[in-house]
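Engineer: Below are the chains, spelled out letter by letter.
Protein chains: 2
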Amino acid sequence: MSNAIEDRQNDRSEEQPLILVCNDDGIDSEGIAALAGAMSALGEVHVIAPMDEQSAVGHAITVRDPVRAREWDFAEEAGVAGAYAVSGTPADCVKLAVHQLLSRRPQLVVSGINRGPNTAVNVIYSGTVSAATEASILGVDAAAFSLCEWDGGHYDAAAEVAQRVARRILAKGLPPGLLLNVNIPNRALGELEGLLVTRQARSRWEESFARRVDPFDRPYYWLAGEFIDLDEGDGTDLDAIDDGYVSITPLQHDLTAHEHLAAFKEWTWEED
Amino acid sequence: MSNAIEDRQNDRSEEQPLILVCNDDGIDSEGIAALAGAMSALGEVHVIAPMDEQSAVGHAITVRDPVRAREWDFAEEAGVAGAYAVSGTPADCVKLAVHQLLSRRPQLVVSGINRGPNTAVNVIYSGTVSAATEASILGVDAAAFSLCEWDGGHYDAAAEVAQRVARRILAKGLPPGLLLNVNIPNRALGELEGLLVTRQARSRWEESFARRVDPFDRPYYWLAGEFIDLDEGDGTDLDAIDDGYVSITPLQHDLTAHEHLAAFKEWTWEED
Chain A
191 MSNAIEDRQN DRSEEQPLIL VCNDDGIDSE GIAALAGAMS ALGEVHVIAP MDEQSAVGHA
251 ITVRDPVRAR EWDFAEEAGV AGAYAVSGTP ADCVKLAVHQ LLSRRPQLVV SGINRGPNTA
311 VNVIYSGTVS AATEASILGV DAAAFSLCEW DGGHYDAAAE VAQRVARRIL AKGLPPGLLL
371 NVNIPNRALG ELEGLLVTRQ ARSRWEESFA RRVDPFDRPY YWLAGEFIDL DEGDGTDLDA
431 IDDGYVSITP LQHDLTAHEH LAAFKEWTWE ED
Chain B
191 MSNAIEDRQN DRSEEQPLIL VCNDDGIDSE GIAALAGAMS ALGEVHVIAP MDEQSAVGHA
251 ITVRDPVRAR EWDFAEEAGV AGAYAVSGTP ADCVKLAVHQ LLSRRPQLVV SGINRGPNTA
311 VNVIYSGTVS AATEASILGV DAAAFSLCEW DGGHYDAAAE VAQRVARRIL AKGLPPGLLL
371 NVNIPNRALG ELEGLLVTRQ ARSRWEESFA RRVDPFDRPY YWLAGEFIDL DEGDGTDLDA
431 IDDGYVSITP LQHDLTAHEH LAAFKEWTWE ED
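In order, the protein sequences belong to chains A and B. Residue numbering for the first sequence follows this note's numbering, beginning at 191 and increasing consecutively. Residue numbering for the second sequence follows this note's numbering, beginning at 191 and increasing consecutively.
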C-alpha cells in the first residue's frame, strides 16, 4: 500500500507536466513573473515570451522575417526550468517553443497575467489571448489570464486564481478546439466573490482619432476611444468582473457562424 | 410614371452606397485594383489600405504609435472616388477610414482580393479577413475575398465573383455580428462550378523552424511548414475550392464557445 503510493508519487514526478508560460506584455513584466511562480507548483515551467510589449497584436505571426530567441535569466522567480525572450509576437513564441525550443510537448500553455482586462470585443485584439489560441490550434490545452487593472494591482491574487484554474485544466483536460479566457478583478484573494463561467459581452469602442501635424506639416493620427458595453443580457464577462467574480470564458478558434449556415444556403448567389 | 422612375433613379444616385475597399497585400497590389474596379459598378468607392504588405498580421491594431495616411493616386483604376495609403494594419485602415477619413459611413467594406487562400485555420492569421472583421465589429456589413493562387491568376474572374457577392450583401444585408469570407478558385469565370456556403475546415500547420546562424554567431529561425487538412466531414471551405466552387463562409467575431458553456458551468473551480 505504502509502496503503491510511493510508486505513484515517483510516476507523478517523472511525468511532471511541462507548462509553457507566455504573455504579450513582455518577458520582464510583473504579470508573467507572478504567473510563472504560480505554475511552478504544478509542473516544469518554461517561460518563452516576447522581448518587448506586444499588446493589441491580435493573432499576428511573423512570416516574412526570421525570429530570434535569446536565453533569459529568469532567476528572480524560483522554479523556472528555462526561459527565452523572443523577437516576435505571442503566437510566434508559442510556435517556436512547441516546435523548436522545448525538449518535449507542453501539457499546458498559460498566457499572462495581462496588465488590463481582455473582455468582450477586446478578446479579438489581445496578444495574451492569441498565445493561448495558438496553443489550442496546436492541440495543447491553454488559458489566458488578465488582471482587470492597468496600474499595478493584486497580481498575487490573480496568480493564485491562475494556479487553481491551471490545476483544473491539468486534471480534466479541455475539449479540442477550446481555450479558456480568464479575467480577474483587481481584488485581494479574500475579496473575490468566486468564479463564474461567462460569455463575451457584446460591446464596441466609441473610437476617435486625434489628428496632429508633425514638424514637417504632415498629419498623423492617434487612436483613442471609450469602451461601450452594448449587452443587456446576463452572464457576460463584464457582468462577472463588475460583481467581483473571476470570469472564465471558453473560447473557440473555429470562427464559422455554424447556426447561420442554413440561412445563407438559401441565399441566391448566382443571379441578380 | 416616367417621372417616378426618374425620381427613383435620382434617389438611387443620391443614395449611392459608399463602399470601402481594403486589403492586406498593400494598396499597390493587383488584387485591390481588381476589387476596386468591380465595386465601382455598385457604389461610390474609396480605397483605404496599408502602404505595405501586412500578411499574417491577424487582428493587430496600432495602439502605441500614431498611424499616417497619405492620399494615393489610384488613377489607373476608373471609378474610385478617393484613396489613402495608411501606415498601419488592415484593422487600423478600417478604423481610420470609418472614424476619420470618410465623409459618411460606408454601407459595405470589402477586403482583398488576397493573393492566396484564407481558408481553414488560416482565417485566424489573415489580415484580409481582419479588415472585414473590424468592419463587422463597427456594425458595417463586410466581406473578405481571396484568390486561391500565390502567383498571378484570374483576378478578373475573382473580381466578378466579388461584385456578385457584394451586390447580394447590399441588397439583403448581413445579420449583425457576421461577415462573409469568400475564397475563389483560380479559374476563368466560365470554369467556376458555382458558389457554396461552407464551414472552416479543421486543419493545422505541420510546422518547423529553419535554424540559421548569423555572421555574429547568433541563431535565428525561419517559420516553415506544410498545411494539413484534418477534416473528414463534408461542406468545408477546402472541399469547395478543391471541387472548383467559390467558398462562402459566414464568420462571427464573438469567440465564445456557447455550446460548451453549460458543461464548463459544471466544473468545480473552487476546490482541488
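Hints may contain errors.
Pairs count within a copy or across copies, as identical chains cannot be separated in the list.
For lysine to aspartate or glutamate, the following EDC-like pairs were computed, each having C-alpha atoms within a straight-line distance of at most 16 angstroms [claimed, not checked]:
id	residue 1	residue 2
1	K455	D346
2	K362	D421
3	K455	D341
4	K362	E460
5	K455	D424
6	K362	D407
In case anyone wonders, no lab produced these hints; they're calculated from the structure.
Engineer: State for each hint whether it applies.
Structural biologist: For each hint, the structure was consulted:
1. K455 with D346: Neither, since 51 angstroms and 25 angstroms both go past 16 angstroms.
2. K362 with D421: neither (32 angstroms within a copy, 25 angstroms between copies)
3. K455 with D341: neither (49 angstroms within a copy, 31 angstroms between copies)
4. K362 with E460: between (48 angstroms within a copy, 14 angstroms between copies)
5. K455 with D424: For K455 and D424, only the inter-copy Cα distance (14 angstroms) is at most 16 angstroms; the intra-copy one is 31 angstroms.
6. K362 with D407: Neither: 60 angstroms inside a copy, 44 angstroms across copies.
Hints 1, 2, 3 and 6 from the list above are not met by this structure, while the remaining hints are.
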